[in-house]
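Novice: As a plain string of letters, each chain reads:
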Amino acid sequence: MVSSDLDARLSEPVGGHSLDVQGFEQPRALMSAIHEDLAPLLDLAHRPVVSARQFEREQLVQLCRLAARYETQPQMINRPLTGKIMISAFYEPSTRTRLSFESAWHRLGGDVMSITDPLSTGIAKGESLFDVAEMMNHYGDLVVLRDANDRSVYDMLDALRIPIVNGGNGLDEHPTQALADIYAILKWRPALLYPDGCAPVRIGVIGVPERMRTVRSLLIFLAGFAENIRELVVVSDEDEPFSEGQREELEKAGLALRVTDDLDAVLPTLDVVYINAIAWRGDDYESMGTRYRLTAASPLDPKAIILHPLARGKELDRDLDDTSHNWYFAQARGAVFVRMALLSAMLKSYV
Amino acid sequence: MVSSDLDARLSEPVGGHSLDVQGFEQPRALMSAIHEDLAPLLDLAHRPVVSARQFEREQLVQLCRLAARYETQPQMINRPLTGKIMISAFYEPSTRTRLSFESAWHRLGGDVMSITDPLSTGIAKGESLFDVAEMMNHYGDLVVLRDANDRSVYDMLDALRIPIVNGGNGLDEHPTQALADIYAILKWRPALLYPDGCAPVRIGVIGVPERMRTVRSLLIFLAGFAENIRELVVVSDEDEPFSEGQREELEKAGLALRVTDDLDAVLPTLDVVYINAIAWRGDDYESMGTRYRLTAASPLDPKAIILHPLARGKELDRDLDDTSHNWYFAQARGAVFVRMALLSAMLKSYV
Amino acid sequence: MVSSDLDARLSEPVGGHSLDVQGFEQPRALMSAIHEDLAPLLDLAHRPVVSARQFEREQLVQLCRLAARYETQPQMINRPLTGKIMISAFYEPSTRTRLSFESAWHRLGGDVMSITDPLSTGIAKGESLFDVAEMMNHYGDLVVLRDANDRSVYDMLDALRIPIVNGGNGLDEHPTQALADIYAILKWRPALLYPDGCAPVRIGVIGVPERMRTVRSLLIFLAGFAENIRELVVVSDEDEPFSEGQREELEKAGLALRVTDDLDAVLPTLDVVYINAIAWRGDDYESMGTRYRLTAASPLDPKAIILHPLARGKELDRDLDDTSHNWYFAQARGAVFVRMALLSAMLKSYV
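Chains as they are written, first to last, in my numbering: chain A, 1 to 351; chain B, 352 to 702; chain C, 703 to 1053.
No lab work stands behind these hints: they were computed from the structure.
Be careful, since some hints might not be right.
What the hints assert, rightly or not - If you only want the chain A side, here are some residues facing chain B, beta carbon under 7 Å, derived:
#, residue
1, Leu160
2, Arg161
3, Glu231
Claimed, not checked - Restraint ranges, calculated between C-beta atoms of paired labels, are given here:
#, chain 1, residue 1, chain 2, residue 2, range
4, B, Glu363, A, Asp196, 35 to 41 Å
5, A, Ser287, C, Thr1025, 56 to 62 Å
6, C, Asp709, B, Arg669, 49 to 55 Å
7, A, Ala29, B, Arg379, 51 to 57 Å
8, A, Gln73, B, Gly548, 55 to 61 Å
9, C, Asp1019, B, His397, 39 to 45 Å
10, C, Gly725, B, Arg669, 42 to 48 Å
11, A, Tyr194, C, Asn780, 26 to 32 Å
12, C, Asp1019, B, Asp668, 53 to 59 Å
13, C, Pro776, B, Tyr701, 46 to 52 Å
14, B, Ala542, C, Thr1025, 57 to 63 Å
15, A, Asp239, B, Arg669, 42 to 48 Å
16, B, Pro425, C, Asn780, 27 to 33 Å
17, B, Tyr701, C, Gly956, 36 to 42 Å
As the list claims (entries may be wrong) - If you want the footprint, here are the derived chain B segments under chain A, 3+ residues with CB under 8 Å:
#, region
18, 391-400
19, 581-590
20, 603-611
Glycine is no exception: its CB is placed at the ideal position from the N, C-alpha and C atoms.
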């Protein structure tokens, strides 16, 4: 055959260079730390999932345990959602969230019908979401909705008799991304589960809790673990990065909050750094710019971990990818398993 | 966790407020009224379905019986289309019809490949539908086509060796929507099946039979039940709302037709009111405006039922949703089961 | 029911008019000509497939044999890819290639997640392909990528730990289309497999090898059968239709190359005529115009076969479809089976 200097990457099997944090060790440790109890998950059956506020702490914990079980047994032995149909309605562009939901559903054995382009739908002809939801009752078994309008999920809820999952509603919430975040944090330090289980940690969030839906949902979840969180530091150059009542609600729940605009000063003191550069302004995205940026040269505590919901922009340098700070890839990996756990609970269909 | 005034809809399972007409009672009554006989359906095997004219009355009746059987046994016990692939080609925007076909196919166990955006296809490079169809012969087991050009389905037919279903071709026909309509009507009054089975009914159609494809197909089907239809009243402000030869064809088949522009005068006399505000003008949609509108205040006979193929605009007020006139949601629900029945017959694969 | 002059095509089952070359005879003859040996395919397991250069001749031969086996047993008896997910990422418009990959995967029992619109993805928000690939590691088991940028597949390769198949990268390569081409050629004349197996053939390629990715990949494959190819004639009105080093590489591998701009003069001497009118100019398509055109009136050798990767434009007249020159439909049909064979090998999952 034709000879050539064939690229070395083409001449051998893929794989082999994954980080340790993507292996089985972390989820196994988390499984060991939690006594399995599916009872709290029964309350999630056939319920809509719209807000992080709906979850009891014990539900979070058991969802994470179930996710860990799925993560450590990638070869499923049965397909409990065979014959069930997910309607994956992404009226706002997305690949990551859509694919992770669809992947989770497929791995449980179900079929998927996708709506990826609002212009291809009856909504382009002026159809109301109420009517769309009424239709979906008959055509599927569960709906995942992403929409730039934060009210859309509630409009559909009025008509739905099948469960819906909020896959991001405007600037309001993104509870399943926050589930993936919590799952990553608990895999990193299972001792957070127990009173005095570990030295209290300091968590930094770079961004604007007022307008970042993933952060909004995550802070609600973190409040459930306040006893082991020494401080939650918001890094922002806005004077008041919280929405009305948000700060009060979180402090009442026990979180010690602080706001600073000096990233480099606070960075060495943080155990977990959560960064996200996408926020909402009006009804569209805005990038937070590159005032706050993490690179391998940033003054991070050597043991600190970085989380990022991805997709990333310039705020998170790729030179961090090969460092032990990189937990954002593990976080992305866990997103599938934690969604499998949630969908299992919602349909009472466990592997 | 964080406390809040959690929306009551989030704290309990979904479901529970469906109308009676969406339960099992109506399809069970229809099943009882029809002696099962799959023989007429054998002629549908491996045949294209393009026009309502292709169906014999007994085929319609047996398809509706099979749909009723599927509707009353939502938990399928086998998946006869396992390994079969539907190509769902919607070159004209749609959600409702596409999802109902895909849902029907999935529930029978098959896989689906969707084309939702003409711009993503080779047709954007100038490929002919003849060549597309030749390709589909090898890649799938059945094609569903929606296209704004009424000739497209015939162009593909020249090359296809697998069955095709017309999912709406321009202003011409939409036979499977009409199947869903007939299924709803027969569930409402099974006695229409028999000579002198009931007092003859008066059916009103608000719209323009010339340019509404769902109406065009439905009228052809209704002609098969002319003996129990006292009168078919078309409500329109056009002098001649029929296309050339359409009126003659229907009258020859036995339908007593009347045209009026006075909705309120005729409304109290109607047993069934079919309304649709979307018609074709040239190669695009037009809304029929709001001259004719149904609301809870309309002078409907108390026992009259309303049908609408959906999606709706202002012509059908949501205040009718919770009344007993609302059969349009049941009609939408039935659309999946009647398509399952049709697809079963076309592939000779019954559950 | 309503009477009408029902189109004759609607009143009988589809099918029945396929060409002989689409039957079982050709693949059965190819199977007989090759001794089955899956060993060469083991090297394809879990490897990326980006370039035609990666394939050893014996791998090509065994892939074609496996494809022939699949083609002759359309009813699969098991579904080895059950639970496996293909991510079908077509950032450049395509129907044919996308559907043939998805069909192949479904027929092996797997599930598919499609990306058909770049604007619906995180890439529209500026996400890098490296990050997209990292995500895909966790959400799927294999990626098919088509992208107008020839570097994209390599960018993803840096992050991928699951196999990727190049479904067309800019003007560079399209190796699986070339597999379908070779499969068609070997079905036509299995004797090409053996030294002095047949009189050497003359193959004509109408087009520009520099800028036609399907041709670029095919020529590399054909070099593996140079001993039975008397001459490879490129028909082009460009003085130098090869890219830098391309001609030298092919000649070194044994192909006897000639360039001519006179189609009619060379046509009577050709055994195989490969035509394609789509080439790349900059980062978009260009049509090669209609200077070179094949019709039933072209001076073809009576036994010559025509191949075309489709979709076609005016360069290939439909009046050839019903002649014995038409092997392009068989070529399109084989594309599914040869992709099934490749995917089987890559995932070590044979039917």
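Novice: The structure should be examined with respect to each hint, and the outcome stated for every one.
Specialist: Against the structure, the hints come out as follows:
The closest approach between the C-beta of Leu160 (chain A) and any C-beta of chain B is roughly 6 Å, which is under the 7 Å cut-off, so the hint is satisfied. Interface restraint check: Arg161 (chain A) against chain B, minimum CB-CB distance 4 Å, threshold 7 Å, status holds. Given hint, Glu231 (chain A) at the interface with chain B, is violated; its Cβ is 17 Å from that chain's nearest Cβ, farther than 7 Å. Restraint check, Glu363 (chain B) to Asp196 (chain A): a C-beta distance of roughly 36 Å satisfies the suggested window 35 to 41 Å.
Separated by about 59 Å at the C-beta atoms, Ser287 (chain A) and Thr1025 (chain C) satisfy the suggested range of 56 to 62 Å. For the hinted restraint 49 to 55 Å between Asp709 (chain C) and Arg669 (chain B), the CB-CB distance of approximately 41 Å leaves it violated. Checked against the hint of 51 to 57 Å, the pair Ala29 (chain A) and Arg379 (chain B) passes, with Cβ atoms roughly 54 Å apart. Between Gln73 (chain A) and Gly548 (chain B) the C-beta distance comes to about 59 Å, which sits within the given range of 55 to 61 Å.
Between Asp1019 (chain C) and His397 (chain B) the beta carbons are some 30 Å apart, a value that contradicts the proposed interval 39 to 45 Å. Hint check: Gly725 (chain C) to Arg669 (chain B), Cβ distance near 57 Å, so the stated range 42 to 48 Å is violated. For Tyr194 (chain A) and Asn780 (chain C), the hinted distance range of 26 to 32 Å is not satisfied, since their beta carbons lie about 48 Å from each other. The hint said 53 to 59 Å for the Cβ distance between Asp1019 (chain C) and Asp668 (chain B), and at roughly 56 Å that hint holds.
Checked against the hint of 46 to 52 Å, the pair Pro776 (chain C) and Tyr701 (chain B) fails, with Cβ atoms roughly 21 Å apart. For the pair Ala542 (chain B) and Thr1025 (chain C), the supplied restraint of 57 to 63 Å holds, since their beta-carbon distance comes to about 59 Å. A hinted range of 42 to 48 Å for the beta carbons of Asp239 (chain A) and Arg669 (chain B) is consistent with their spacing of about 44 Å. The beta-carbon spacing between Pro425 (chain B) and Asn780 (chain C), approximately 28 Å, falls within the hinted interval of 27 to 33 Å.
With their beta carbons about 57 Å apart, Tyr701 (chain B) and Gly956 (chain C) fall outside the hinted range of 36 to 42 Å. Interface restraint, the region 391-400 of chain B with chain A: violated (0 residues with C-beta to C-beta distance below 8 Å; minimum three). Under the rule that three or more residues need a Cβ within less than 8 Å of chain A, the assignment of the region 581-590 of chain B is violated, with 0 such residues. A count of 0 residues in the region 603-611 of chain B with a Cβ less than 8 Å from any Cβ of chain A is obtained; the coverage claim is therefore unmet, three being the minimum.
Consistency with the previously given hints fails for numbers 3, 6, 9, 10, 11, 13, 17, 18, 19 and 20, ordered from lowest to highest.
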